[in-house]
Structure formats: structure tokens, C-alpha cells
Amino acid sequence: AQSVTQLDSHVSVSEGTPVLLRCNYSSSYSPSLFWYVQHPNKGLQLLLKYTSAATLVKGINGFEAEFKKSETSFHLTKPSAHMSDAAEYFCVVRKENTGFQKLVFGTGTRLLVSP
Amino acid sequence: NAGVTQTPKFQVLKTGQSMTLQCAQDMNHEYMSWYRQDPGMGLRLIHYSVGAGITDQGEVPNGYNVSRSTTEDFPLRLLSAAPSQTSVYFCASSWGPNTEAFFGQGTRLTVV
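Residue numbers (our numbering), protein chains in the order written: chain P, 1 to 115; chain E, 1001 to 1112.
Treat the hints as calculated values from the structure; they're not laboratory data. No experiment lies behind these values; they were computed from the predicted model shown. Do not take every clue at face value.
[As the list claims (entries may be wrong)] With a straight-line cut-off of 30 Å between C-alpha atoms, the simulated BS3-like cross-links for lysine-lysine are:
| no. | chain 1 | residue 1 | chain 2 | residue 2 |
| --- | --- | --- | --- | --- |
| 1 | P | Lys42 | E | Lys1014 |
| 2 | P | Lys49 | E | Lys1014 |
| 3 | P | Lys42 | E | Lys1009 |
| 4 | P | Lys102 | E | Lys1009 |
| 5 | P | Lys68 | P | Lys49 |
Looking at chain P on its own, in the form it has when it is part of the complex (with noise of 0.2 Å):
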């Protein structure tokens, strides 16, 4: 069965410096991974997609992935980070052969942004 793990619950950095936040997958199939991010009050909004093309995938607001197959990861990087970055960002794989597209979430990384 599909399933996702967000390695840390919570990552702390100081404006202008990497963001890495860690996911490791569980798929039988090649699988579609997703990120998505909730910033306080806010609906989820869809930051970038892995679907068995590229492996470094690009999103919006400078947010990258790299799907990883060796390592079964697919962890969301950015090279600065930003005051308005600090938001819930979740790792998300789709159950594959079913008629809708069933996502399963991990269980969240929460990014604190100091000044």
C-alpha cells in the first residue's frame, strides 16, 4: 500500500539560508508525489508534482523536488528561505489503480522562519 513519512515535525531556519524538508514514500507502483503547503487559516495549495517524468521537479515560489527511486525519497528543497515561507507543508502520494485519485498524506512538516 501507498503510504508517506515526513521525517521531521517540525524545521527551524533562519531567513536566507536552504530549506530541506524530508519524505520518504512507500509505493509498489511508481508513484505520483505531490507537496503541498497550508499556510495559518488557509486552504492547502499544491506546491509541485512528481508523475514519472523528470526527477527534479519545479514548483512555485522557487520550491524544488527530486524524486529519488534508490532512496525511495522525494524530499522539498528551496535555496533561501523566505519570511513568508513559514507555513505546514505536506508530502502526499496518490493510491494508484483506483477510479479517484485517492491521496494519502503524511503527517506534516511545520517550517519556522526567523529573522
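Dock chain E against the given chain P, drawing on the hints supplied.
Just chain E, lined up with the frame of chain P:
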């Protein structure tokens, strides 16, 4: 273009009361779903629909009912609220099974 609209944004219920969480989308999406978000657990799928008149259960369906009479609307009903249903509820829609899911801003429900 409003996207996915959820109402109300906040609600407090007493145990045993019933209510309906509303979800509407104006993107003509066939696929709609309801998730609940609990601390430390990510989002979990409650019910989903692949088109008007077609619904199915997700991961945590107990205590919730849904119906889909129109493409635009997908209400979630709590027939007899319980404290365990205290959560933040998100509605989502997508054009197809493999396309981006758009989420509403959520309904924060407290059952006392």
C-alpha cells in the same frame, strides 16, 4: 472564479446535534472529496464522489453521510455529532482522477 468554497468556516456543536458542512465548486470538476485534518495525522479521506449521483467511502467514513445531486455541490452531513468529530474539514475537487486537487479553506468544527 471562486474555486472551492466551504461554509461555515467555524462551527461549535453539542454532542448529538446534526449539521451539514457545505462545499461548492465552480470549476465544473467531476471529482470531489472530503478530508478531515487532525493534529499529527495529516489529512484522511472521509467520502468522495466521481460525479453527480455517485459517492463512495474513504478511509474514515463512520458518522458521516454524503450525497451529490449536482456537479457543483458536495455536502457532508453529521447526523449525530460526537466529540471525536472535532476536527478541521477540507473539501477538494479535481477535473479528473489524475489532475490537481483544489482545496477549500476548511471548516473548523468543535463538538462539545
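For each hint, the structure was consulted:
1. Taken as a hint, the Lys42 of chain P and Lys1014 of chain E pair is honoured in the structure, with Cα atoms around 25 Å apart against an allowance of 30 Å.
2. For the proposed pair Lys49 of chain P and Lys1014 of chain E, the alpha carbon gap of about 40 Å is over 30 Å, so the pair is violated.
3. Distance restraint check for Lys42 of chain P and Lys1009 of chain E: the Cα-Cα separation of roughly 11 Å lies within the 30 Å cut-off, and the hinted pair is therefore satisfied.
4. Only pairs whose Cα atoms come within 30 Å are accepted, and Lys102 of chain P paired with Lys1009 of chain E is accepted, the gap being roughly 24 Å.
5. Of the pairs offered as hints, the one joining Lys68 of chain P and Lys49 of chain P holds, with about 14 Å between alpha carbons and a cut-off of 30 Å not exceeded.
The structure is inconsistent with hint 2 alone, although it conforms to all the rest.
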